[in-house]
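Colleague: Which chain is which? The protein sequence lines are B and L, in order. Under the numbering used here, the first residue of the first sequence is numbered 1, with each subsequent residue one higher. Under the numbering used here, the first residue of the second sequence is numbered 1, with each subsequent residue one higher.
The hints are simulated quantities; they were obtained by calculation from the structure and are not laboratory data. Please note that the accuracy of each hint is not assured.
Stated by the list, open to error - Derived contacts from chain B toward chain L, CB cut-off under 10 Å, selection only:
no. : residue
1   : Arg20
2   : Phe21
3   : Leu168
4   : Gly186
5   : Arg234
6   : Leu249
7   : Ile257
8   : Asp258
9   : Cys265
10  : Ile283
11  : Gly284
12  : Asn302
13  : Ile357
14  : Leu362
15  : Leu366
Claimed, not checked - DSS-like mimics (lysine-lysine), calculated; alpha carbons at most 30 Å apart, straight line:
no. : chain 1 : residue 1 : chain 2 : residue 2
16  : B       : Lys155    : B       : Lys120
17  : B       : Lys306    : B       : Lys344
18  : B       : Lys261    : L       : Lys16
19  : L       : Lys16     : B       : Lys13
20  : B       : Lys75     : L       : Lys16
Every residue gets a Cβ at the ideal spot worked out from N, C-alpha and C, and that includes glycine.
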Amino acid sequence: MKPSLFRDCFAKKNAAFSERFGAQVVSRVSDQKTEYLLVRDGFGLTDVSYMHRYSFPEDKGLDFLDALCAGNVAKVRFGRMLHTFIADEAGDLVADCYVANNDEQLVLLAESIMDDAAFKSMLLSRGAADAGMTDLSETHALLSVDGYKAWAVVKGLFGADVLGLPYLSVERYEFSGQPLSLFRAGKTSEFGYYLLAPAANAQDLFDACMAHAAESGGGPCGVDIHNDLRLEGRFFNIFAEGATVCDPLPLGLQWMIDFGKESFCGSKAIFERRAKGLSHKIIGVSASADANGFSKGAAVFNGSRKAGDIVAACFSHVLGAQVGLALLPVDIAFSGLAFSLGSKDGPEVQTISMPPIMPKSLTVKLDEL
Amino acid sequence: MQAAIDKRRGVIDTFKRELIRRLNLPYTPEDLHEDVALLGAGLGLDSLDALEIVLCIENSFGIKIPDQNISVLRSINTVVDFVLAQKAESGAAA
């Protein structure tokens with residue numbers, strides 16, 4: 001199992017650890033509601049060193065990454081990032097990733113349902129060594145700061161100019177005399193930043209971020225709460241609906257694909273399925289807080305017939321209701337319809353428009369602070 | 001159920017078609033999931049695009065979006081909810 005590079009920092013906070021696709025992760029630090037409110041009202045500090053991370057020299061890496069990823073890597077300008085995915089030859093998802101163009105270097109940050117060894121092996125089999133790939137997994141730690149007040153943490157660390165960074169951008173800073181890459185991204189629908197720093201600086205970086213905890217209402221949190229935050233914000237989660245559905249088209253990930261590209265890994269299968277048309281797709285669903293059985297794998301009934309399954313579920317503290325995603329036939333995958341859970345007589349499940357909440361961060365203009 | 005679906009589908013189809021045309025998006029209507037984020041993540045549209053979306057809604061459906069109501073623009077589905085609610089309201093008033 002790939003160990004967490006922030007293990008000692010989070011262990012001191014009484015964190016619970018678990019394994020996810022071959023990587024040790026901090027699953028939680030406190031209870032679900034506490035961590036949820038940290039992100040929605042303040043900031044949450046999360047160890048995301050389970051993410052695969054590699055760098056490539058731009059001149060060699062560009063063609064390699066463009067042939068690998070569904071999005072158009074060649075169009076990523078200096079200082080910007082692309083959010084896309086990597087599929088296998090069958091056109092099924094293996095990773096949800098960012099490609100950042102950072103100072104003559106391309107950085108790949110990926111969440112994958114492959115473990116580290118399998119993911120690296122897949123990259124090497126496609127020519128990563130010739131593309132000059134450097135594995136950052138052990139040399140560099142990755143921490144995320146997410147939340148309504150996340151900007152205050154990075155502003156405190158790197159100065160006010162971080163507030164001018166647009167969404168999906170990357171910038172280099174210095175921390176403890178070492179280079180640090182700051183990525184403005186995140187999947188909670190609040191402000192989000194990834195901090196990539198030499199592993200030797202992990203503890204100092206964690207402490208520096210935590211120094212803002214009292215002032216900005218922040219604290220450490222685990223990856224479990226991110227599953228809920230992503231779902232509520234309707235950000236794609238490869239560890240939830242992605243691992244279950246696998247096909248990017250029913251998942252609504254067409255926006256991550258450049259259909260104008262001649263080919264990328266899995267493109268033949270994906271383009272064929274696109275031409276054929278969708279039979280099913282995911283749609284947001286909601287049930288009251290006391291509806292029993294609203295969980296991943298539960299059947300959704302349309303009258304007496306099973307229509308589909310729930311593929312992701314959580315409790316939304318903003319809505320006071322259970323929220324999820326269901327895979328339904330396209331002819332009934334519309335918001336505003338009523339179904340039942342588990343059987344025709346089960347609790348009511350409504351299809352809903354996603355995202356169902358308005359994140360507080362959308363009301364803040366960082367460049368006007 | 002079918003009547004509700006048909007009503008919603010009509011607004012979705014019109015909005016997607018106009019959105020693709022006005023913003024010159026490299027997608028077909030079928031490629032755009034109704035829950036895809038319009039601004040920032042997802043389609044990655046910016047504040048200028050947001051103005052174009054507002055005009056698109058106003059011209060396609062004859063409905064005005066209040067200046068501060070950016071929450072309507074979270075996704076195609078939230079725009080469609082707004083359009084259907086406004087149509088229902090104006091229908092009830094008439």
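Colleague: Next, verify each hint and record whether it holds.
Modeller: Okay, the hints, checked on the actual structure:
no. : hint                : result
1   : Arg20               : violated (23 Å)
2   : Phe21               : violated (23 Å)
3   : Leu168              : holds (7 Å)
4   : Gly186              : holds (9 Å)
5   : Arg234              : holds (5 Å)
6   : Leu249              : holds (9 Å)
7   : Ile257              : holds (8 Å)
8   : Asp258              : holds (8 Å)
9   : Cys265              : violated (19 Å)
10  : Ile283              : holds (8 Å)
11  : Gly284              : holds (6 Å)
12  : Asn302              : holds (8 Å)
13  : Ile357              : holds (9 Å)
14  : Leu362              : holds (7 Å)
15  : Leu366              : violated (12 Å)
16  : B:Lys155 x B:Lys120 : violated (34 Å)
17  : B:Lys306 x B:Lys344 : holds (8 Å)
18  : B:Lys261 x L:Lys16  : holds (23 Å)
19  : L:Lys16 x B:Lys13   : violated (48 Å)
20  : B:Lys75 x L:Lys16   : holds (25 Å)
Violated hints, listed in ascending order, are 1, 2, 9, 15, 16 and 19; each of the other numbered hints is respected by the structure.
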